[in-house]
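Number of protein chains: 2
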Amino acid sequence: MEREIQFRIATEQDLDRIVEMLADDALGSKRERYEQPLPNSYKKAFQAITSDPNNELVVACYENEIIGVQQITFTPYITHQGGWRATIEGVRTASTERGKGIGTELIRWAIQRAKERGCHLVQLTTDKQRRDALRFYERLGFKATHEGLKMRL
Amino acid sequence: MEREIQFRIATEQDLDRIVEMLADDALGSKRERYEQPLPNSYKKAFQAITSDPNNELVVACYENEIIGVQQITFTPYITHQGGWRATIEGVRTASTERGKGIGTELIRWAIQRAKERGCHLVQLTTDKQRRDALRFYERLGFKATHEGLKMRL
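Protein chains in written order, with my numbering: chain A, 4 to 156; chain B, 4 to 156.
Hints are supplied without guarantee of correctness; some may be wrong.
It does not matter which identical chain is meant; a pair holds if it fits inside one copy or across any two.
The calculated EDC-like cross-link candidates involving lysine to aspartate or glutamate, where the alpha carbons are at most 20 Å apart (straight line), are [to be verified]:
#	residue 1	residue 2
1	Lys153	Glu108
2	Lys46	Asp17
3	Lys33	Glu15
4	Lys103	Asp19
5	Lys131	Glu23
6	Lys118	Asp28
7	Lys47	Glu23
8	Lys47	Glu7
9	Lys47	Glu119
10	Lys131	Glu38
11	Lys146	Glu92
12	Lys153	Glu100
13	Lys46	Asp135
14	Lys153	Asp130
15	Lys146	Glu100
16	Lys153	Glu7
Derived by calculation from the structure, the hints in this document are not laboratory data. These figures come from a predicted structure and were not determined experimentally.
Generate coordinates for the entire structure from the input sequences, incorporating the hints supplied.
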């Protein structure tokens, strides 16, 4: 029987667990700082996200424990006849919960949310080092039609 | 002698010219509707962009004529220790002005604006069909480290 995963908007009390999950990842471990107390930059970003109606930080929970996280950004563009897009970023599943379909449920939830918000497109970029991630997203119906270019400032 | 290009935030009076430029493009011609009056969806998107402090629609002008456009979105994320990113989208130069370095000036302006806004990263995706665009962005210092995945809804 499938477990019942709940999705909800993250609260400030979830932030510690979210950062712990982001740091518990091959690429994340090099760039996050999961410490007590949590660096203030995380709290400031959390406040900026939650005060912006076009950003949603979403957690997946099982029996009140957070086992997944993702951020969805809704953006109006002039292109595509003035269409809104949803961008998914920072998708992580708890290391103890990988391979159980939580990632699939997270992305499906985001796609549904994008539809509710009237988006014509849902998009994300994935690091070319994450080869399994590309296959995962392609199985879900994404097409790797674009190059994802980044520049550190 | 180099021409003096001016950059400014777009006003509603610029929208007609912006859509004209977006439609005058190999991919854009298939998906935009440059008509009089302009479809209302463009006006609604314009209003959503200008009322959002995290979105800036920027035009490049030469002697009061609009010759380029781009949109910059500033997004707070929990990842990268709560870092802000700038995303560039919808970059177009007037067809009569291509090959004169306007695109380079647009992107450099966006990078400078991203720094002013405290972003740690500037990013964009470019359609793999636009082979010249990839080289253009790489020359400006972007790295194609990510796959850009899209799903139409």
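Hints and how they fare:
In this assembly of identical chains, Lys153 and Glu108 lie within 20 Å of each other by CA distance solely across copies; the values are 18 Å between and 28 Å within a copy. Within a single copy, Lys46 and Asp17 get their C-alpha atoms as close as 11 Å, which meets the 20 Å cut-off; across copies the closest is 38 Å, which misses it. Taking CA atoms no more than 20 Å apart as the test, Lys33 paired with Glu15 passes in neither setting, with 24 Å inside one copy and 44 Å between copies. Proximity of Lys103 to Asp19 under the C-alpha cut-off of 20 Å is found in neither arrangement, the shortest distances being 23 Å within a copy and 50 Å between copies.
For the identical chains of this complex, Lys131 and Glu23 are neighbours neither inside a copy (23 Å) nor across copies (35 Å), given an alpha-carbon limit of 20 Å. Proximity of Lys118 to Asp28 under the C-alpha cut-off of 20 Å is found in neither arrangement, the shortest distances being 29 Å within a copy and 28 Å between copies. For a Cα distance limit of 20 Å, the shortest separation of Lys47 from Glu23 inside one copy, 17 Å, qualifies, whereas the shortest one across copies, 40 Å, does not. Taking identical chains as interchangeable, the C-alpha atoms of Lys47 and Glu7 are never at most 20 Å apart, the minima being 32 Å within one chain and 39 Å between chains.
For a Cα distance limit of 20 Å, the shortest separation of Lys47 from Glu119 across copies, 18 Å, qualifies, whereas the shortest one inside one copy, 28 Å, does not. In this assembly of identical chains, the alpha carbons of Lys131 and Glu38 never lie at most 20 Å apart, being 28 Å within a copy and 40 Å across copies at closest. For a Cα distance limit of 20 Å, the shortest separation of Lys146 from Glu92 qualifies both inside one copy, at 16 Å, and across copies, at 18 Å. In this assembly of identical chains, the alpha carbons of Lys153 and Glu100 never lie at most 20 Å apart, being 30 Å within a copy and 26 Å across copies at closest.
With identical chains, the CA atoms of Lys46 and Asp135 are never at most 20 Å apart, being 31 Å at best within one copy and 41 Å at best between copies. In the homo-oligomer, the alpha carbons of Lys153 and Asp130 lie at most 20 Å apart both inside one protomer (10 Å) and across protomers (15 Å), since each shortest distance falls under that limit. Taking identical chains as interchangeable, the C-alpha atoms of Lys146 and Glu100 are never at most 20 Å apart, the minima being 26 Å within one chain and 32 Å between chains. In this homomeric assembly, Lys153 and Glu7 never come within 20 Å of each other (Cα to Cα): the closest approach is 37 Å inside a single copy and 28 Å across copies.
Hint violations for this structure: numbers 3, 4, 5, 6, 8, 10, 12, 13, 15 and 16, all remaining hints satisfied.
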